[in-house]
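Using the sequences and the hints, build the whole thing.
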Amino acid sequence: GQQLNQSPQSMFIQEGEDVSMNCTSSSIFNTWLWYKQDPGEGPVLLIALYKAGELTSNGRLTAQFGITRKDSFLNISASIPSDVGIYFCAGDGSSNTGKLIFGQGTTLQVKP
Amino acid sequence: DAGVTQSPTHLIKTRGQHVTLRCSPISGHKSVSWYQQVLGQGPQFIFQYYEKEERGRGNFPDRFSARQFPNYSSELNVNALLLGDSALYLCASSFWDRGYTFGSGTRLTVV
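In order, the protein sequences belong to chains A and B.
Residue numbering for the first sequence is 1 to 112, as defined by this note's numbering.
Residue numbering for the second sequence is 1 to 111, as defined by this note's numbering.
It is worth saying that the hints were derived from the structure and are not from the lab.
Incorrect hints may have been included.
Claimed, not checked - Negatives, chain B to chain A, calculated, CB over 12 Å:
id: 1; residue: S33
id: 2; residue: S65
id: 3; residue: F69
To be verified - Partner residues aside, some chain A positions facing chain B, computed with beta carbon under 10 Å:
id: 4; residue: L4
id: 5; residue: M11
id: 6; residue: F12
id: 7; residue: E15
id: 8; residue: T31
id: 9; residue: L33
id: 10; residue: Q37
id: 11; residue: G42
id: 12; residue: L45
id: 13; residue: F73
id: 14; residue: F88
id: 15; residue: C89
id: 16; residue: A90
id: 17; residue: K99
id: 18; residue: L100
Glycine is no exception: its CB is placed at the ideal position from the N, C-alpha and C atoms.
Okay, here's the thing in C-alpha cells:
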C-alpha cells in the first residue's frame with residue numbers, strides 16, 4: 001500500500017535556527033499537506049500543495065510539492081519556542097475517497 | 001465560525017462494549033472523514049462520507065462502521081471493543097477534496 005517516509009523523526013534545535021523536514025513516497029500523490037499537532041489536539045493544517053513543483057509560503061513556513069509528485073519538504077525559518085510540536089506530512093493520491101496517507105511525524109523541540 | 005466539533009472528548013470503555021463517536025463538520029462542508037491515531041503514529045484513514053454516501057474505506061475490520069446524516073454530521077461506531085482500539089479518533093471535514101480540517105478528537109481508552 002501507499003506509505004510516506006518522513007524524516008527526520010525528531011529534531012532538537014536552538015531558537016532562531018532554520019528547520020527542514022521532508023517526506024518521500026514510492027507512489028504519486030495529487031496533493032501534499034503539512035500539519036502541526038500539539039499534545040491532545042487534532043492536526044492543524046499549515047500548508048496545502050496541489051500542483052507538482054508548487055512552492056508555497058505561510059509566514060515563516062515554506063513548503064514545496066516535488067516535481068515527481070513523490071516528495072515534499074517543509075522549511076521553518078527563524079524558529080521560535082511555539083514551533084514546538086509534531087509535524088506531519090500527508091498525501092492524497094486517491095481522488096474522490098478523501099483518504100489521506102500520513103507520515104510518521106517529525107517531533108520538533110526548540111531550545112530558547 | 002465553529003470549527004470541526006467532536007464529542008465526547010474523552011471516553012473509557014470496557015472490552016467487548018460498543019462506542020459511538022460524533023462529529024459536526026464546518027458549516028458548508030459536505031465531506032467527513034474519520035481517522036484513528038495511535039500514540040506515536042500518524043493518523044490512519046478509516047472512512048470518508050460525502051453527501052451521506054461512503055466514498056472511501058481504510059483497512060479496518062467490519063467492527064468499525066459510520067454514517068452521515070442529512071445535516072452532514074457523522075457518527076463512527078465501533079463494536080466489540082478491543083484493547084487495541086484505544087486511540088485518538090479524529091474527524092476531518094472538507095469541501096470535497098480540499099481543505100481537510102481536523103477536530104480535536106475523541107480520546108478512547110479501552111480497559
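Comparing the hints with the structure gives:
1. S33: Its Cβ does come within 12 Å of chain A, the nearest being 5 Å, so this is violated.
2. S65: B:S65 clear of chain A: closest Cβ-Cβ about 17 Å, beyond 12 Å.
3. F69: Given that every Cβ of chain A is farther than 12 Å from that of B:F69, nearest at about 17 Å, it holds.
4. L4: Cβ of A:L4 sits 8 Å from chain B, so the hint holds.
5. M11: Nearest chain B Cβ about 16 Å off; hint violated.
6. F12: 17 Å, violated
7. E15: Violated: closest Cβ of chain B sits about 26 Å from A:E15, beyond 10 Å.
8. T31: 7 Å, holds
9. L33: 7 Å, holds
10. Q37: OK, holds: A:Q37 within 10 Å of chain B, min 9 Å.
11. G42: 4 Å, holds
12. L45: 6 Å, holds
13. F73: 17 Å, violated
14. F88: Holds - the Cβ of A:F88 comes within 10 Å of chain B, reaching about 5 Å at its closest.
15. C89: Where the cut-off is 10 Å and the nearest Cβ of chain B is about 9 Å from A:C89, the hint holds.
16. A90: 8 Å, holds
17. K99: For A:K99, the interface hint holds, since the closest Cβ of chain B sits about 5 Å away, which is under 10 Å.
18. L100: 6 Å, holds
When the structure is compared with the earlier hints, violations turn up for hints 1, 5, 6, 7, 13 and for no others.
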